[in-house]
Structures are given as structure tokens and as C-alpha cells.
Amino acid sequence: MASPEHPGSPGWTGPITHCTARTKQEAPATGPDLLHPGPDGHLDMHSGLSSNSSMTTRELQQYWQNEKCRWKHVKLLFEIASARIEERKVSKFVVYQIIVIQTGSFDNNKAVLERRYSDFAKLQKALLKTFREEIEDVEFPRKHLTGNFAEEIICERRRALQDYLGLLYAIRCVRRSQEFLDFLTRPELREAFGCLRAGQYPRALELLLRVLPLQEKLTAHCPAAAVPALCAVVLCHRDLDRPAEAFAAGERALQRLQAREGHRYYAPLLDTMVRLAYTLGKDFVSLQERLEESQLRRPMPRGITLKELTVREYLH
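Going by the UniProt record's numbering, the residue at position 130 of the sequence shown is 130; the numbering climbs one at a time, nothing skipped.
Hints in this document: simulated from the structure, not taken from any laboratory. Nothing here was measured: the structure is a model prediction, and the numbers come from that model. Possibly wrong hints are sitting among the right ones.
Unchecked claim - No more than 25 Å apart at the CA atoms, straight line, and that leaves these computed lysine-lysine pairs for DSS-like:
{"#": "1", "residue 1": "Lys143", "residue 2": "Lys122"}
{"#": "2", "residue 1": "Lys122", "residue 2": "Lys92"}
{"#": "3", "residue 1": "Lys110", "residue 2": "Lys75"}
{"#": "4", "residue 1": "Lys143", "residue 2": "Lys125"}
{"#": "5", "residue 1": "Lys282", "residue 2": "Lys307"}
{"#": "6", "residue 1": "Lys125", "residue 2": "Lys92"}
{"#": "7", "residue 1": "Lys89", "residue 2": "Lys122"}
{"#": "8", "residue 1": "Lys92", "residue 2": "Lys143"}
{"#": "9", "residue 1": "Lys110", "residue 2": "Lys217"}
{"#": "10", "residue 1": "Lys122", "residue 2": "Lys217"}
{"#": "11", "residue 1": "Lys110", "residue 2": "Lys129"}
{"#": "12", "residue 1": "Lys89", "residue 2": "Lys129"}
{"#": "13", "residue 1": "Lys217", "residue 2": "Lys75"}
Unchecked claim - Just the calculated beta-carbon pair ranges, DEER-fashion:
{"#": "14", "residue 1": "Arg116", "residue 2": "Gln178", "range": "47 to 53 Å"}
{"#": "15", "residue 1": "Gln178", "residue 2": "Arg203", "range": "48 to 54 Å"}
{"#": "16", "residue 1": "Leu128", "residue 2": "Arg159", "range": "18 to 24 Å"}
C-beta atoms are modelled at their ideal positions from N, C-alpha and C, and glycine is treated no differently.
Build out the structure end to end from the sequences listed, making use of the hints.
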């Protein structure tokens, strides 16, 4: 068999990206894909499988064994280390610094984020809509009519908000909810994807590398949830002329899409990986074959690039 022409040459017939069909299990394009626990409280693992998967029974068994290991619950500790008063022209508010670390082992990827009291209040309001019974015993620190900027009140509320986060995280359905995930990651992700759309790749990459470890810890039960952010990292490195770093991030994203050929990122990501592999002198033929096999099983009417797909995330 003659080897394929290289990307960009006149004889190059692939890869042509195609927008994969969205399955019922996938979330809207504006947010991550999350799986939900089944009736027995366990994740419905088969909901993430492509109905046309070509894996053998033994391969499937090995795949799910590996997935169970990856889905082992990651325990996180929340600490509100400090609080500061910030004054604007027309407003004054308290900003709380939240540190999130993984317990049980040394965590060199601790997350540091800042949220206002109003952000906590929005989280509480959102959770009450879906989990009113589950969080009825979780006390939310109320706002005082006066003295909100007194040092004693700020310290008291800092401790109360820290306890509040810990109690929420202890409730399985809450810690896996989109509301909880959005509170901890969405502001940074929105800013990162906004920078990506604006071509501000260094800033986008800085934000993504800061929030991605936390997103991965919070969604260990659903590997595909971090794929959009990982693909954004791929694009940032690629457009900053760092193909090796881009390829490494792409490999991490593909690992999270095992047995999920129907995922909307699968074909565009493979297409990008083929081109990166060729640039780096790596084996791009096997990646090209995976892409072609996927397209034969799921033919799509039009193509879409990874960048066209990724920049749509977090638009609202």
C-alpha cells in the first residue's frame, strides 16, 4: 500500500474533519460533558460508549477496568486562606481567596481562586433549585445588615464559607453537579476561552494550566469533561509554535475519549493530531487510519476544525 501524501501536499486527501453527531448524553456546546449517576448511584458507564464501537469484549472489559481506577473518588480540601476588601468607583466588596488541594498525598497542583460573597450567594440559589432537600441541613452564611466590612465579621464569614464548601463537597450529587463545578472553574475558563478567541494565547494558556488540574480533579468520574479545556491547550501551544507540547496535550485529550468516537471533539482532535504528528516526525499514519475508520462509521456532511469547535465553548 502506498503511504499517504503529507499534509498540505497536492496529493493529500485527508484528514478532512467532520463535525460528529451529538449523542443524547452530551451536554450543550457551551459547557463540559458530564455523566450522571444511574439509579443505583453508580455512573452509567455504557452511556459514554459509541454504539458503533469496534472494541472486542476483552478490550471493553479492560477499558472499563481502567476507567474504574481513574474514577476513584478524589478527596479535596477547601481552605479560605484570606479575605480582602476591594473598592471600586461605585462598589465595595470582600474577595475571598480559596485554596483547593487534594488530600492523602502531596499535591503540587493546588488550585488558588478568588470569589466574592455574591458568587457564593449565586451558587446557593442555583443549588436550591435542584438540591433543596439534599442541602437543607447545610447552613449558608447570611449577609449582615450592617458591619459587613468589619474585620471580625469578615473573619467569621470566611470560616463559615469554608465550612459551607466542605459540607457541599461531602454530598455526592452536589459535588458532581454542574452548579458546583461552574462555581469553582467557570470564571477562569470563560476568561481563558475569551482570550483564545481573541488570539491572546499566552494569557489563555496561563489561565487554562491554572484551572485544568482542578477541573480534572472535580470530574474524575467523567474523563471527557476536561476535553474542551485540553483541546484549548492544544490550540494555544500549536499557535505559539510549540508542537511537542500541543501533541502531549492532545494525547491526554484522546485518552479521555477512549470508546467515545461519537463525541463531538473526537474527529476534529484526531485531525489536528495527524498534522502535529507529521510535523514532529511521529507516526501520523495510525492516527489517520483511526480518523478514517471513525468517519466511515459516522459519516458527516460537513467538516469543522478543532479551533472552530473549541472557540464556541463558554460563549454565554
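Each hint tested on the structure:
1. Proximity of Lys143 to Lys122 is assessed by CA-CA distance (about 13 Å); at most 25 Å being required, the pair is judged to hold.
2. Restraint check for Lys122 and Lys92: the C-alpha separation of about 18 Å stays at or below 25 Å, so the hint holds.
3. Between Lys110 and Lys75 the CA atoms are separated by roughly 13 Å; this keeps the pair inside 25 Å, and the hint holds.
4. Straight-line distance between C-alpha atoms of Lys143 and Lys125 comes to about 14 Å, which keeps the hinted pair within the 25 Å bound.
5. Straight-line distance between C-alpha atoms of Lys282 and Lys307 comes to about 22 Å, which keeps the hinted pair within the 25 Å bound.
6. In summary, the hint linking Lys125 to Lys92 is supported, as the alpha carbons are separated by about 22 Å, within the 25 Å threshold.
7. With a C-alpha separation of about 23 Å, the suggested pair Lys89 and Lys122 falls inside the 25 Å cut-off, and the hint holds.
8. With a CA separation close to 14 Å, the supplied pair Lys92 and Lys143 stays within the 25 Å bound.
9. Between Lys110 and Lys217, the direct Cα distance comes to roughly 10 Å. Compliance with the 25 Å bound is thereby established for this hinted pair.
10. Distance hint between Lys122 and Lys217 is fulfilled; the C-alpha atoms sit about 23 Å from each other, no more than 25 Å.
11. Distance hint between Lys110 and Lys129 is unfulfilled; the C-alpha atoms sit about 30 Å from each other, more than 25 Å.
12. Taking the CA atoms of Lys89 and Lys129, the gap is about 34 Å. The hint is violated against a cut of 25 Å.
13. For the hint pairing Lys217 with Lys75, the CA-to-CA distance comes to about 9 Å; that is within 25 Å, so the pair holds.
14. Between Arg116 and Gln178, the C-beta spacing of about 20 Å breaks the proposed range 47 to 53 Å.
15. Our hint of 48 to 54 Å for Gln178 and Arg203 is violated, since their Cβ atoms are close to 26 Å apart.
16. Between Leu128 and Arg159 the C-beta distance comes to about 22 Å, which sits within the given range of 18 to 24 Å.
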